[in-house]
Amino acid sequence: MVDVFSGRLLVSKDGRSVDPEEALQNKVVGLYFSAGWCSPCRDFTPVLCDFYTELLEECQPPAPFEVVFVSSDHSAEEMLGYMRSMHGDWLALPFHDPYKQ
Numbered sequence: 002m003v004d005v006f007s008g009r010l011l012v013s014k015d016g017r018s019v020d021p022e023e024a025l026q027n028k029v030v031g032l033y034f035s036a037g038w039c040s041p042c043r044d045f046t047p048v049l050c051d052f053y054t055e056l057l058e059e060c061q062p063p064a065p066f067e068v069v070f071v072s073s074d075h076s077a078e079e080m081l082g083y084m085r086s087m088h089g090d091w092l093a094l095p096f097h098d099p100y101k102q
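Note that this note's numbering has the sequence shown beginning at 2, numbered continuously upward.
A few of these clues could be false.
Claimed, not checked - Here are the computed lysine-lysine pairs in the DSSO-like style, where the Cα-Cα straight-line distance is at most 27 Å:
hint	residue 1	residue 2
1	28	14
2	101	14
3	101	28
What the hints assert, rightly or not - Restraint ranges, calculated between C-beta atoms of paired labels, are given here:
hint	residue 1	residue 2	range
4	9	87	22 to 28 Å
5	44	22	29 to 35 Å
6	61	16	17 to 23 Å
7	59	38	29 to 35 Å
8	75	32	15 to 21 Å
9	77	41	18 to 24 Å
Hints in this document: simulated from the structure, not taken from any laboratory. Beta carbons are placed, not taken as given, at the ideal position from N, Cα and C, and that holds for glycine.
Generate the whole structure from the sequences, applying the supplied hints.
Right, here's the structure in full:
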């Protein structure tokens, strides 16, 4: 999965840039296509958060798992608001990255 994001940067929910080669190396990666305006997505996101938290914070050693969010929000501001209010501590493809298409 690292190869899929080669040459790109990912972002954390606190806005810092993350090198995908470091963050995703030797991990199972789930791509999460979602948007804050989508009711079914908003229903599922807390379930994914709980699953993510269980795998990374409650397992010893933490599971080699990462989520990369690919936004279908209408703006970068909506994406960041959705990430901050509902998402786990996972990564995202930047809103304006053309690769998300």
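Hint compliance check: list the failing hint numbers for this structure, sorted ascending. Violated: hint 6 alone.
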